[in-house]
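**Q** For reference, the chains in residue letters:
Number of protein chains: 2
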Amino acid sequence: MSAAIAPQITALARRARAASFTLAVTSTTAKNAALDKLAALIDASTFELLEANQRDLLSPEGQALSPAARDRLELNEARLRKLADSVRAVAALPDPVGELLEEATRPNGLVLRRVRVPIGVIGIVFEARPNVTIDCAVLCLKSGNAAILRGGKECFHTNTALAALITQALHESGLPGDAVQLIPTTDRAALTALLKLDTLIHCIIPRGGEGLIRFVAENSTIPVIKHYKGVCFVYVDQAADLAMAEKIIVNAKTSRPGVCNAAEQLLVHTAVAEKFLPAAAKALIAAARVELRCDERSAAILTREKIAHLPAGPADYTAEFLANILAVRVVDSLDQAIALINRDSSGHTESIVTADEQAAAKFQAGVDSAAVMWNASTRFNDGFEFGLGAEIGISTDRLHARGPMGLSELCSYKWLVTGSGQVRT
Amino acid sequence: MSAAIAPQITALARRARAASFTLAVTSTTAKNAALDKLAALIDASTFELLEANQRDLLSPEGQALSPAARDRLELNEARLRKLADSVRAVAALPDPVGELLEEATRPNGLVLRRVRVPIGVIGIVFEARPNVTIDCAVLCLKSGNAAILRGGKECFHTNTALAALITQALHESGLPGDAVQLIPTTDRAALTALLKLDTLIHCIIPRGGEGLIRFVAENSTIPVIKHYKGVCFVYVDQAADLAMAEKIIVNAKTSRPGVCNAAEQLLVHTAVAEKFLPAAAKALIAAARVELRCDERSAAILTREKIAHLPAGPADYTAEFLANILAVRVVDSLDQAIALINRDSSGHTESIVTADEQAAAKFQAGVDSAAVMWNASTRFNDGFEFGLGAEIGISTDRLHARGPMGLSELCSYKWLVTGSGQVRT
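Each protein sequence line maps, in turn, to chains A and B. Be aware that the first sequence starts at 8, since it is given in the working numbering, and climbs by one per residue. Be aware that the second sequence starts at 8, since it is given in the working numbering, and climbs by one per residue.
Everything labelled a hint here was simulated from the structure, so no lab data went into it. Beta carbons: idealized from backbone N, C-alpha and C, even for Gly. Mixed in with the good hints there might be a few duds.
[Said to hold, decoys possible] Within a straight-line C-alpha distance of at most 27 Å, the following computed DSS-like cross-link-like pairs (lysine-lysine) qualify: (1) A/K160 to A/K203; (2) A/K233 to B/K313; (3) B/K203 to A/K233; (4) B/K203 to A/K236.
[Stated by the list, open to error] On the chain A side, residues computed to face chain B include the following (Cβ under 7 Å): (5) P67; (6) P230; (7) W381; (8) R386.
With these hints in hand, go ahead and build the complete structure from the sequences.
**A** Here is the structure:
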């Protein structure tokens, strides 16, 4: 590790911790004023932001990105307007801080209140997406947390320009400027140093690909909330409405194949496979030329019907394709479907299609995933669709938050106890 | 790492994971039957348990323990009866699994339910206390989690005897015997291997001294919930009822000085220091010969009154004494008290004594600790006192659980979504 960087990152984290104490007792009005100011600054800084973004796009790192990644990095006037609007939308959400979660009076007269409070200092580690920079800053600020942002090198100039606007908005609203800080270097040593500051930073949220998340989880002594891959399954039960099942698998697979709640695998009960698979395969191919990677039994059915498909390799059954590719297997029972899902899925989102209420209940109880759907597309596992108003990601962890993480999930709680001189005997 | 141990631990964790799927859908009745069976087996196995315990007490490791640690290790008939009763008490608690935490119908007709479910597989790492072995096994079982227990070497024979009873109770109740497993060696390599099994184990809870907790936090790739030290403060405000303050500090310091919610430091507002400190010091000395380690201002007052005290060293202001020792400082304001606490306490439990409601509100909002008391002893931060019925420890983390961790805090949740064919547009 570069000797010069670690003390600089420690100093930055100390300033964040100091700011967190102020933020924790800052009023909703003051936080919203800072957010509205930021939205106005984004609107007024189109030229500067697009110029910084151009520097990133033209940099060697920016040029080396895939077309899809370049598209995510690129800003334009419409996207900036959308970004400013997203800031205003968070300002309009209810403040989670101070919410009374539980209240009880004990036999000895002590009154207990469990109250929602910010976590403290949150470190967010992400890749080259300017909207993530703003999203994370804004969600942390609204939930009263100080944020330390560490973005990808491909986005460094854009992030620096956005961070300058955030700092200006904080200062002009009377909030501590250190409430949101961008790590001023993309040197990996800075990240490694950051991940060890467990007395100053309370939570690390990595957002990005599997490699980034693994690196963070393996190197952090700070608790990490992971937003890991989605290997989502749709199971078509023997009692399924097959037209509904077809609509759901087409939507789950093809409506946005690059996201974590897209389906990657189809399980079909043997009793309906002959009837369902040919129709579903045709619909998937018609919708988005989906490549079907089939086990022997599903392949046999599609071969008979002369429908294009490929044999699945063992890795396909646990793969997150993020593309118009779907693994397909035939199963003999609901129990087998549940067992395969619990073994091979990533625990993100699974769906059963069935008209049999008992089968659905068994599936929802037995499948150990963050969201278990019945007769609905996996694509609904999302903070906005769940009514959280916003999300910082979809947790595949089991501690603290599971599934979509909104403002409330960016909070902790504390116990406030009111007595009249009670002592313990 | 010993090459032979890691695969053995991995196999054990795989069996735990398999058992966790069964446990997650096991009825309350079946879980309670296993607990009642275990209580009966403990009652019926006094001879075997005391014999195993004697082996530990007479072993070189047992002989090397401090008298206090030996006392915690030692079992006798009365303690075994208490142990069996504690198992029955957990059986009598409500089952947290399946509790509906939230329900909502979205505009598109999807019905969302957030339902409490077990975390999955929990690893518990602890030292030489047989009651912890039973506590942890029983709380995990009741909350539907598979448990992997790793106890200290000084307690190995007692733990092995207790684990045999647990396995017998599970088998005789038709539950998977792998639901609770004891690591069959005290080799540290086994612990190191355990802490890396993040695909099989979902949470690690270390219970013990600072060294153990640090080792676990630094070596685990599995999320850890820490139950860290308690450097608890009592602040006597200028508007305090001084008789109440005296009673509270005496109770907080001396009722059980070896536990984490005992007070370690007294802050006194300068306006009441002259009057309060001499009386409080005399009461603390009278109650338990408390050694007072004073800053210059408090020392000056006690010197004038000829009351025994020592000068505090810098380390005393952040020390967990776990003994009849108390650091004492005089502060100029409520703000200064809050700032000192946020800098020097361990974020466990603090208490303000004051008749001024506004001062109390400011203290409770500003102090960033798991429990913030007003006119009550710090000793009340405890799962039983908070009405949780049981506790596996008191978390000083901010994620997932903060403060006492009972059965509900040993759970995660999942989202169950019921549709009628909805797809996302």
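**Q** Would the pair A/K160 and A/K203 pass a check requiring their Cα atoms to be no farther apart than 27 Å?
**A** Given pair A/K160, A/K203 holds - Cα atoms ~21 Å apart, limit 27 Å.
**Q** Is the hint on A/W381 kept, meaning its closest Cβ partner in chain B is under 7 Å away?
**A** Where the cut-off is 7 Å and the nearest Cβ of chain B is about 5 Å from A/W381, the hint holds.
**Q** Can you confirm whether the C-alpha distance between B/K203 and A/K233 stays at or below 27 Å?
**A** holds (16 Å)
**Q** Check the hint pairing A/K233 with B/K313 against an upper bound of 27 Å on the C-alpha distance.
**A** violated (58 Å)
**Q** When you check the alpha-carbon spacing of B/K203 and A/K236, does it fall within 27 Å?
**A** holds (20 Å)
**Q** Return the status of the interface hint for A/P230: holds when the least beta-carbon distance to chain B is below 7 Å, violated otherwise.
**A** holds (5 Å)
**Q** Against chain B, with CB atoms and a cut of 7 Å, does the hint on A/P67 hold up?
**A** violated (34 Å)
**Q** For the hint on A/R386, does the least C-beta distance to chain B fall short of 7 Å?
**A** holds (4 Å)
Hint violations for this structure: numbers 2 and 5, all remaining hints satisfied.
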